[in-house]
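**Student:** Following the hints, position chain B against chain A.
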Amino acid sequence: MLKDKHLTVTVSPHIKTSLTTERMMWIVSAALIPAAGAGIYFFGPHAALVIAVCVGASIITELFCAVLMKKPATIKDGSAFLTGLLLALCLPPEFPLWMCALGSFFSIAVSKFAFGGLGHNIFNPALAGRAFLMGAFAKEMTTWKTLQDFPDGITAATPLNLLKEQGYDSLMKVFDSHSHLFKELFIGRVGGSIGETSAALLIIGGLILIFARVTTWHIPVSYILTVIIVSYFTGGLFDIPFHLFTGGLMLGAFFMATDPVTSPITPKGQIIFGIGCGLFTMLIRIRGGYPEGVCYAILLMNSVTPLIERFSKTRIFGVKR
Amino acid sequence: MGQEETNNTGYFKELSKGFIRENPIFILCLGLCPTLAVSNLVENAFGMGIAFFFVLLCSNITISLVQKLIPDEVRIPCFIVIIAAFVTVASLLMQWLIPDVYARMSLYINLIVVNCIILGRAEAFASKNNVFRSALDAVGMGVGFTASLFIISAIREVTGFGTFLGFRLIPENIKPITIMILAPGAFFTIGFLMALFNLIRIKKGKVSK
Chain A
48 MLKDKHLTVT VSPHIKTSLT TERMMWIVSA ALIPAAGAGI YFFGPHAALV
98 IAVCVGASII TELFCAVLMK KPATIKDGSA FLTGLLLALC LPPEFPLWMC
148 ALGSFFSIAV SKFAFGGLGH NIFNPALAGR AFLMGAFAKE MTTWKTLQDF
198 PDGITAATPL NLLKEQGYDS LMKVFDSHSH LFKELFIGRV GGSIGETSAA
248 LLIIGGLILI FARVTTWHIP VSYILTVIIV SYFTGGLFDI PFHLFTGGLM
298 LGAFFMATDP VTSPITPKGQ IIFGIGCGLF TMLIRIRGGY PEGVCYAILL
348 MNSVTPLIER FSKTRIFGVK R
Chain B
933 MGQEETNNTG YFKELSKGFI RENPIFILCL GLCPTLAVSN LVENAFGMGI
983 AFFFVLLCSN ITISLVQKLI PDEVRIPCFI VIIAAFVTVA SLLMQWLIPD
1033 VYARMSLYIN LIVVNCIILG RAEAFASKNN VFRSALDAVG MGVGFTASLF
1083 IISAIREVTG FGTFLGFRLI PENIKPITIM ILAPGAFFTI GFLMALFNLI
1133 RIKKGKVSK
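Residue numbers (the numbering used here), protein chains in the order written: chain A, 48 to 368; chain B, 933 to 1141.
It should be emphasised that the hints constitute simulated quantities derived from the structure, not laboratory data.
Please note that the accuracy of each hint is not assured.
[Stated by the list, open to error] Listed next, the in silico DSBU-like pairs over lysine-lysine satisfying Cα-Cα at most 30 Å (straight line): (1) A:Lys211 x A:Lys230; (2) A:Lys117 x B:Lys1135; (3) A:Lys220 x A:Lys192; (4) A:Lys192 x B:Lys1107; (5) A:Lys63 x A:Lys360; (6) B:Lys1107 x A:Lys211; (7) A:Lys117 x B:Lys1136; (8) A:Lys186 x B:Lys1107.
None of these values were measured; they are calculated from a predicted model.
Bound-form chain A, shown alone (with noise of 0.2 Å):
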């Protein structure tokens, strides 16, 4: 019998990325970040002990189901941090502490471990929670603090809130003029969410995803390139900016639709997902009852998504359709 080392063969796969589920987690969070800081920045200590709160609740929810359901504890693979860190920064300043514990516990415990733990999940658990916060807290949901400690700092109500309850006036006799709005909006110095309204730091986090590989550009740019159409052809061109860079977009386009979990593994089917995403967003803040449907557009397309998957399946090499 001749063995010879350097012929035998191990099965398939033969090229492997140094990318696991632990680095690309650990690499969106350190992504997040400068988002985060901003909006501790922005909207005070309380800001920073929700998103502590959010991220020690989904840690220890995730612990809770990992030893209830006697699978091995994934706490060291990030996903529970990230959950909670996403949900944190899709939450107002000023939301009640035990709201984000129970928020929290909602997106492990019910949107992911209920459906099999992590990679089984249809809906990305960070906006399950916090439809859910939504759907229980209405009213905590959209009180947005104002921005004291600014001499320019804005008003109480969110830029789309202003737009969709009191019309385009009321919003431009705040902001004055459109530049010094996109300003505002590109720097975050309006109300909002915590970690949404900074348009320059979430981009800037959003490219590190994309040259880190972690994820593609396929699902931002579609999405975002759909709201510009649609906006334009809605409004006109003082409408493309200003929905970009309002509400949770750039959040939402980066980080929450490109959940490798919820969202198609093909390039043609994550195009097809984010265009749909940028549709139901723009159907939903011009035509829907609420001010924002980042949120819902992308739980709606997490569940087609494995629809798509069938759809945009790429042809095996020799085999016919």
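**Tutor:** Showing chain B alone in chain A's frame:
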């Protein structure tokens, strides 16, 4: 003697199967629409449970009595006519006795006519078994349904309103979780209770994982 004993246990099994083994909501997954709709308050759940119990018992007894007279081809319409008659009786009785509860849920009381549990019991059981067995079956299923509604509504009312049968359990300053009295809350509650029932059945070895 031995024969009688097996008969007796047979009767008891007929009665008790609706409690857990063939619980209409959690195991058979029937009658979920009224369950979702009326289980936000314990009071509503009781009203529904009693009306349901009455209609199921009467229709099961009647159908098993006339099973020989009903032609097989038109049995479903015949069942529905019989059930509708008793639903009318129940709804008139409720309007007289508990008008408050009736005003809140008249729609769902009238919809008992097409309730799949009642129709299902008529089709699968009462039209093939004698009166006594059908009555036992109706009592078991009725108790199973009412008890399930009671459990679901107790969970939803305490978490969603902070009250139980109108009495405040959770102090005013703790916000109730509004979503629990909306439709999603019913789905969460029913889902988790179903999982619990399946866990019990798996532990008992009745079904495989």
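**Student:** Determine for every hint whether it applies to the structure shown.
**Tutor:** Against the structure, the hints come out as follows:
Restraint check: the Cα-Cα separation between Lys211 (chain A) and Lys230 (chain A) comes to about 21 Å, which is no more than 30 Å; the hinted pair holds. Restraint check for Lys117 (chain A) and Lys1135 (chain B): satisfied, since their Cα atoms lie roughly 15 Å apart, inside the 30 Å limit. Pair hint Lys220 (chain A) plus Lys192 (chain A) holds up; C-alpha atoms about 19 Å apart against a cutoff of 30 Å. Of the supplied pair hints, the one linking Lys192 (chain A) and Lys1107 (chain B) holds, its CA atoms being roughly 20 Å apart against a limit of 30 Å.
For the suggested pair Lys63 (chain A) and Lys360 (chain A), the alpha carbons sit about 23 Å apart, so the restraint of at most 30 Å is met. Only pairs whose Cα atoms come within 30 Å are accepted, and Lys1107 (chain B) paired with Lys211 (chain A) is accepted, the gap being roughly 27 Å. Straight-line distance between C-alpha atoms of Lys117 (chain A) and Lys1136 (chain B) comes to about 19 Å, which keeps the hinted pair within the 30 Å bound. For the hint pairing Lys186 (chain A) with Lys1107 (chain B), the CA-to-CA distance comes to about 10 Å; that is within 30 Å, so the pair holds.
This entry satisfies every hint, going by the numbered hints stated previously.
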